[in-house]
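Put together the whole structure using the sequences plus the hints.
These protein sequences, in sequence, are chains H and Z. When the letters of the first sequence are read in order and numbered with the numbering used here, they come out as residues 14 to 191. When the letters of the second sequence are read in order and numbered with the numbering used here, they come out as residues 310 to 409.
Simulated from the structure, these hints should not be mistaken for laboratory data. By construction, the Cβ of each residue, glycine as well, lies at the ideal position given by its N, Cα and C atoms. Just so you know, not all the hints are guaranteed correct.
To be verified - Just so you have them, the derived chain H footprint on chain Z, three or more residues with Cβ under 8 Å:
| # | segment |
| --- | --- |
| 1 | 327-341 |
| 2 | 386-395 |
What the hints assert, rightly or not - Below, computed lysine to aspartate or glutamate pairings styled on DMTMM-like, alpha-carbon distance capped at 25 Å:
| # | chain 1 | residue 1 | chain 2 | residue 2 |
| --- | --- | --- | --- | --- |
| 3 | H | LYS182 | H | GLU169 |
| 4 | H | LYS173 | H | GLU97 |
| 5 | H | LYS159 | Z | ASP312 |
| 6 | Z | LYS314 | H | GLU154 |
So the chains spell out like this:
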Amino acid sequence: MLSKLDEIKLISQCVLVDDRRAFGTLVEAYQPQVRRFLLNLTHGDDNLVDDLAQETFIKAYINVRSFKGLSSFGTWLYRIAYNEFCTNQRKIREERILTEAPPDTASEGSERAADAAMTVTQALQMLPEVERTAVTLFYIEDLPIKKIAVVMQIPENTVKSHLHRAKDKLRTIIGELD
Amino acid sequence: MDDNKLKQLLKEQSYKPGKNEWFTPRVMNKLPAKQHSTGWINVVVNIAAVIACIVAWVMMLRYSDHQVITVRDIMYFTGLVGVSGLVAWQVLKGLVLADE
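Written out as structure tokens, the structure is:
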């Protein structure tokens, strides 16, 4: 993991002299957490995660001059990754409407909660997108509410209510399993 | 189930990315072409070179003795023509690249 000073140095090199080696170091340092975040949002779809994560870093490189340092570089990357994920989900929804395919059972599968093989992660996949994102960032990525609000571009109180609702749902689902 | 237990379960059972040593090289290969961020340096250097050439030509024409041409005058003239040509080529190249 990079120190704050190293991170600032590498970002400055990218902004001032378009240093690709410095950007490569940033990619190497941040790719595990960006990929893990996307992996938990996409139900473990490796190929989709690689595409979204690549697009995240390419967008970060193109827009690195607009990074003002108000949040940490990691939070900024999560935000780009979340935007990429939302754009992808929107495309999938539009395609589904065009082809009139049946909706994904994962989003409405509360009946599946009774499945004995259900794990907490599978229960997580049953939550709506926003609640799943909030839970992933809070419990798995250890981000504070303030940073989650920056990533999801919603007020802190909305993050809190998403988390509260998601926790209740997860407890219910997991309680059925116990 | 308390918060800590939920956190522990989620951490344990969440998806974990496998090691992907090709990820970074693939991203680096897909980055867009480098921006010409040093363009302004070239412009400043070109302007300075043109000014230096003009000064050298003025000095040569003003201070050389036109009655007697020495080997030194010939060498100075040849060198100045070469340097001026090089500067002119650099300036033209810069203008063509700026148009592209």
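Verification of the supplied hints:
no. : hint                : in the structure
1   : 327-341             : holds (count 10)
2   : 386-395             : violated (count 0)
3   : H:LYS182 - H:GLU169 : holds, 20 Å
4   : H:LYS173 - H:GLU97  : holds, 23 Å
5   : H:LYS159 - Z:ASP312 : holds, 18 Å
6   : Z:LYS314 - H:GLU154 : holds, 16 Å
Of the hints listed earlier, the one the structure fails to meet is number 2.
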